[in-house]
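Protein chains: 2
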Amino acid sequence: MRCEVVAIGTELLLGQIVDTNSSWIGEQLALHGIDSFFQTKVGDNLDRVVGAIELALERSDAVICCGGLGPTQDDLTREALAVVTGSPLVSDEAMEEHIFGLFAGRGRRMPANNLLQAMRPETASFIEQMPGTAPGLVCPVQRVGADGATRDLVVYAVPGVPWEMQEMISGTVIPDLQRRAGVTAVLRSRTLRTWGETESGLAELLAGRIAALDAAGNPTLAFLASGMEGLKVRITAKAPTAEEAESLLAAEEAELRDLLGELVFGVDDDTMESVVLDLLRAQGRTLAVAESLTGGMIGSRLCDVPGASDVFRGGVVSYASDVKYDVLDVPTGPVVTEQAAIAMAVGVRRLLGADVGLAVTGVAGPDPQEDQPPGTVCMAVVVGDPEAGGVVDSLRVQLPGGRRQIREFTVITVLGLLRRHLVEVASD
Amino acid sequence: MRCEVVAIGTELLLGQIVDTNSSWIGEQLALHGIDSFFQTKVGDNLDRVVGAIELALERSDAVICCGGLGPTQDDLTREALAVVTGSPLVSDEAMEEHIFGLFAGRGRRMPANNLLQAMRPETASFIEQMPGTAPGLVCPVQRVGADGATRDLVVYAVPGVPWEMQEMISGTVIPDLQRRAGVTAVLRSRTLRTWGETESGLAELLAGRIAALDAAGNPTLAFLASGMEGLKVRITAKAPTAEEAESLLAAEEAELRDLLGELVFGVDDDTMESVVLDLLRAQGRTLAVAESLTGGMIGSRLCDVPGASDVFRGGVVSYASDVKYDVLDVPTGPVVTEQAAIAMAVGVRRLLGADVGLAVTGVAGPDPQEDQPPGTVCMAVVVGDPEAGGVVDSLRVQLPGGRRQIREFTVITVLGLLRRHLVEVASD
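Chains as they are written, first to last, in this note's numbering: chain S, 1 to 428; chain D, 1001 to 1428.
Think of the hints as simulated: they come from the structure by calculation, not from any bench.
Watch out, some of these pointers could steer you wrong.
[As the list claims (entries may be wrong)] Some, not all, of what chain S presents toward chain D, calculated at C-beta under 7 angstroms:
| hint | residue |
| --- | --- |
| 1 | Gly15 |
| 2 | Gln39 |
| 3 | Pro366 |
We treat Cβ as the ideally placed atom computed from N, Cα and C, and that holds for glycine.
Construct all of the structure, not just a fragment, from the sequences and the given hints.
Set out below in structure tokens:
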């Protein structure tokens, strides 16, 4: 089963909108074992939209059209599908009533244009899921192949609004494609989030396991470097049932965790921030951060996580050196040192009355500071009262990249340092 | 002149990387008056890459291939172009030496694989710009059209690394396309950055001007809502020379500024952060920020701007209420109020010894706080000593969207409030 994606919209060609929909659909197709060899972007022009769909039908068994289902003159996908299916556009009464009801339910008058959205090629049916006002379409079509045999093909149309599109793809398009492909196998994937090794370092640690999996063919592994999100290792397993696929994933996760140990900080949607907040919450500890070069990025990332407020007390952004001296009681002197980082962590912990303090100070560039090159970063964590047996640890690193990358790597590195200490405390 | 983009890489089809390169190239082509009707993504498969390029050559006069120029087995673009041009791959000695020198200059051993990058189809030439180790290619090809006439076409190949790609497109590909198209007209664009009105509000303010420009056809306007980057108004002008295009832009900018007044905060690469920092620097003032719901995002955005350190002293992230009371001397009581925001701004200004203080406090959600719904945000700015004639201003807003959007709109809104006061001070 081969399926192509045709993204429709002049704004995509003009670069006014980045086509993230096709990427998301491509990922879903791959995860569910459906081949996809081409993706095409085409503007709001009837002939060219029809041409792009016809070409995709020559190369593949199914086509997903994304976009162009709105209520305006520019929205040509319905018309294009009438041409492709060779069947006239008809008004669907039930759908007209449904759309009318949607507007009435919100106490709004329905613009007459929206009735256009109740039109469908006569041979097409609507996609069951309809989270917005634009219905999706399933259009069966037939073509004669080079061998003279009839090919039963299908064109789906989904709106360009991401959450509407995603619900239709997951709810109808993928299951329908799998049914047409006679796929009985189920694919499931799980992503281990790691931090502390490069991609080639991970590949070395896992070399034996990768060779074994390559030989067996199932599950498979993929690496993906993701900046501040860590380095991801995705496991994909295929099995006759969801239960069996999940159990393959669980077994493989256990194997990889044995090999990678502490490098694995989370799974799937975990972030280093959410993991650290969860550990602190479980330990009944609160956190304060002192930031120099990151300027508030550590705090901002922590606050991205809903519910951060029961753990995260806040922080001090001590960008100027004398804010470090005056507000955080850092001894006067050089500030790109591990000693200064420790003093910042101790100071912010005390000032904000938190159990745990962490701090970063360093050179984001473009210019050197205190004769240190950009990328030089000192960081520290203080867990508990340092004068009563608390843990104090610090680190000096040389990070690669430009200003933004240095600051982002600083965020995940210091949170990773804190995580290691929290895990140790928990396992004591 | 029609030009298509073919983005090459299996990782693009699998959704592991979002294809932002094609969007950027599409925008450049449009800006320079070159039509682009299709963009295609294709995986690392020789036959399919060749097929995608051949198809694009049937539909268009030029093709830009992006990606697949690296040194590994997966990188098939050179090979595909050998097929398309019908000329063998040859090693280019000068390029071999150049690449060798690049590695030697960095004190690194060159992996043998990198010599692959010195190969080119015999009839192709290298693109002059080469910011990385992957050279770009210009490949003239000829095809016979449906009318039997010879068509002189061209295929460009650029690497997938965005900054390498961009330098080659701007430096060689666009000028070469314009030369081939016999384009003598020059296109220039300028973007006004606005904040404070919705897209439809702007359209209303500019209705008369838009009608006049639509009638004249040159320059043209486009609106683009860009979240924390503000609402952009792009002016594009066409003229026989760059000087004339620039002077059209300048005249139109003046017209629009008359109509939009204080809504325009910057031009092109200006951000609200860079504009506020520039104003403060010009006035010899320093800044401190107190953040609650944004958790450090204001400080982090300010520090994105190189050179922030001579203005931005730092801040306090007072996420927990008692950090507001204890560290910033906010009177005990409700914290989602304009009074609390003012107290935070006054407090952080004094604590950090800055000339200007700003503060935000509010509800990012998902849960209400102090019976206020998500999106309720109070903000304040204090310019100068409030007990010696300094300016104190505050604002209460109800922002739309989810947790992230509320926090992002908070950042640009409070910086916009500060900007207005700094502009007033400057014009006093």
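Interface hint for Gln39(S), Cβ within 7 angstroms of any Cβ on chain D: At 4 angstroms from the nearest chain D Cβ, Gln39(S) passes the 7 angstroms test, so the hint holds.
With chain D as the partner, please determine if Pro366(S) meets the hint condition of a C-beta pair closer than 7 angstroms. holds (6 angstroms)
Restraint outcome when Gly15(S) is required to lie within 7 angstroms of chain D by C-beta distance: Because about 3 angstroms separates Gly15(S) from the closest Cβ in chain D, which is inside the 7 angstroms limit, the hint holds.
In the structure shown, no violation is registered for any of the earlier numbered hints.
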